[in-house]
Amino acid sequence: MIKLSFLNLFRRKSRTFLTLLAIAVGVASIIVLVSLVDGVVADFTEVFEQFQGLIVLEKGAADVPFSKLDRSFEHKLEKINGVKVAIPEIWVLPNKIDGQIPEFSLATVMVYGLDLDKYHVSSGSGWIAEVEKGSFIRNSDTDSVVIGKKIAEDYDKFVGSVLDIDGKKYRVKGIFAGQSEFIEGVIVMPLEAARELADLDADKVNSFTVGLTDPSKDKQIAEQIEFIYSDDLQALSMSQYSEQFGEIFGSLRLLVWAIAAIAAVVAGVGIINTILMSILDRTAEIGTLKATGWTNENVFMMIMYEALSIGILGGIIGLILGFMVDLFLASILNINFLITVPLLLQAFLFALFIGLIAGIYPAYRAVKLDPIEAIRSG
Amino acid sequence: MIVAENVTKEYKMGEVIVRALAGVSIKIEEGDFVVIVGPSGSGKSTLMHILGALDKPTAGKVLIDGEDISEMDDWELAMLRRKKIGFIFQNFNLIPTLNALENVVIPTEPLPGDKTKYDQRGIELLKMLGLGDRLLHKPSELSGGQRQRVSIARSLINNPEVIFADEPTGNLDTVTGNHIVEIMRKLNKEEKKTFVIVTHDQSLLDYANKQVFIRDGKIEKQTKKKIIKN
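Residue numbers (the working numbering), protein chains in the order written: chain A, 1 to 378; chain B, 1001 to 1230.
Hint data in this document are derived by calculation from the structure and do not stem from the laboratory. Hints are not guaranteed to be accurate.
Unchecked claim - When the alpha-carbon atoms are kept at most 35 Å apart in a straight line, the in silico DSBU-like pairs for lysine-lysine are as follows: (1) A:K13 with B:K1186; (2) A:K368 with B:K1083; (3) A:K13 with B:K1138; (4) A:K368 with B:K1225; (5) A:K368 with B:K1226; (6) A:K13 with B:K1061; (7) B:K1115 with B:K1192; (8) A:K368 with B:K1224; (9) B:K1117 with B:K1056; (10) A:K13 with B:K1115; (11) A:K368 with B:K1056; (12) A:K3 with B:K1027.
The whole structure should be built from the sequences, with the hints applied where relevant.
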């Protein structure tokens, strides 16, 4: 019976092909969109895992570049119990690098100025990854920078090269490599050098990275800071950041699933149509099968097998298609896709499910065919 | 044995009720070769469908081996057809994607158990009908007469007691048509299969041991006779 169902599908090759294509595109779009979101989440998670401690911002500021704080908070923060070090930071979005406007991407180029001497003391919990080539810099290296690997690749820089940021020239002293593009898109320089670029008053900084004696107490200490300086500061722990972020991307992932699922449901309607048409083509045949002793259940199953076959075949083609589109996009767009086995499995099962559901109505119609009418129409 | 007692069949066509059969009684006994003739619209096909457990009467009784089909549900009727009845159609109704052998065994497809014994029987039947060298041909590669022989083999695959044929020669030329009827007569004589043939071709009457003339849903004449042709 399965063989017959399968053969039935290939009687109208173009019709079946189009339906398969619709299912395949639905499945592929689920895979591409979800793996894109998952890839971005994976990149961010890498950053969060590397960073332990707190970020302290001006109260109400959406993100570090929009925050402005008195530098005097540095000592105030360090007096709080459990705080090991407060590192003042300035973040700058450069207008031009080597005379070019930086390409917009998910991992935008950022200039990160900080008290480097203090960073050394705090033994490196922060945004900067391991220096791979060259060496790290100190506060006294005012004309020097350490850059992420992505910047080195994008602007063709080596240790010793000159990098032009908004018309000012800096010498590249070191290159660091992280797991994530967000980290590799950062240019590190001394705090005072960044202040010049940011055009910020001498007693102002954007934010503080706060290192803790016990990183597991990050939430408590963040609450404490926000309580003491309730008018001025907000403190975010990485675990909080990560949770918020997880929520946002969790719902984005759901939305993306929903959009792709709509495509697949439309494809399901295509299956219903394809099989209904094929039943109309085959009324005499189905009537004959009934006349020769096929029960309604037998006929129902034959049609269900046909719908399921479309679901399975379309699912498999969709998996391959999605995989190939991911590879292609990854090669031209420099985006990390995260294809996981559960995602492939979910997308495939979804196609199967669509096939199953789409089969029910046509199968019911086939069962309802009156064998006598059916034979007569032959 | 099939007994129909005072069978009436009415259809609703829109607002109009059409009476296809108006009180038909007939008895089909084992080994009969029944030919039912009548003009189109006479109700002969309807009678065949009811005698063949494809349809139920509106009134009256149809007993197949003593069991009343009006009491049966779809599943029971399917089981009855599966075990006791075979059908041959004017248009052969073969499945174009399947080869001759696959078409012959298609009624056994839902049956559980070993499929090879059905294949074996299918091959025997096709050989018996002179299609031993056409087992793997698709219907489109066969002539009309060959197709009808495949459908005869299909009607025999479940070893039924009675085979119903609806205009079996209707789509064939006279010579091929006669050949098909002769095959059926041979099965009737040698395999003791009961045949009920519905046709408007009066020449088939010569083969019958029971002739039934039907018009306007009623049996006009029913004669038992000696078979003229073999």
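Outcome of the hint check:
1. The suggested pairing of K13 (chain A) with K1186 (chain B) is violated, with an alpha-carbon distance near 42 Å, which exceeds 35 Å.
2. A distance of roughly 22 Å separates the Cα atoms of K368 (chain A) and K1083 (chain B); the hinted pair therefore holds under the 35 Å criterion.
3. A threshold of 35 Å between alpha carbons decides the hint, and for K13 (chain A) with K1138 (chain B) the separation of about 18 Å falls inside it, so the pair holds.
4. Of the pairs offered as hints, the one joining K368 (chain A) and K1225 (chain B) is violated, with about 42 Å between alpha carbons and a cut-off of 35 Å exceeded.
5. A C-alpha spacing of about 43 Å is found between K368 (chain A) and K1226 (chain B), which places the hinted pair above 35 Å, so the restraint is violated.
6. As the CA atoms of K13 (chain A) and K1061 (chain B) are separated by approximately 47 Å, the hinted pair breaks the 35 Å bound.
7. With a C-alpha separation of about 26 Å, the suggested pair K1115 (chain B) and K1192 (chain B) falls inside the 35 Å cut-off, and the hint holds.
8. For the given pair, K368 (chain A) sits about 39 Å from K1224 (chain B) by alpha-carbon distance, which is inconsistent with the 35 Å threshold.
9. With a CA separation close to 33 Å, the supplied pair K1117 (chain B) and K1056 (chain B) stays within the 35 Å bound.
10. Among the hinted pairs, K13 (chain A) with K1115 (chain B) is consistent with the structure: their alpha-carbon atoms are about 29 Å apart, no more than 35 Å.
11. A hinted pair counts as satisfied when its Cα atoms are at most 35 Å apart, and K368 (chain A) with K1056 (chain B) qualifies at roughly 16 Å.
12. A hinted pair counts as satisfied when its Cα atoms are at most 35 Å apart, and K3 (chain A) with K1027 (chain B) does not qualify at roughly 41 Å.
Consistency with the previously given hints fails for numbers 1, 4, 5, 6, 8, 12, ordered from lowest to highest.
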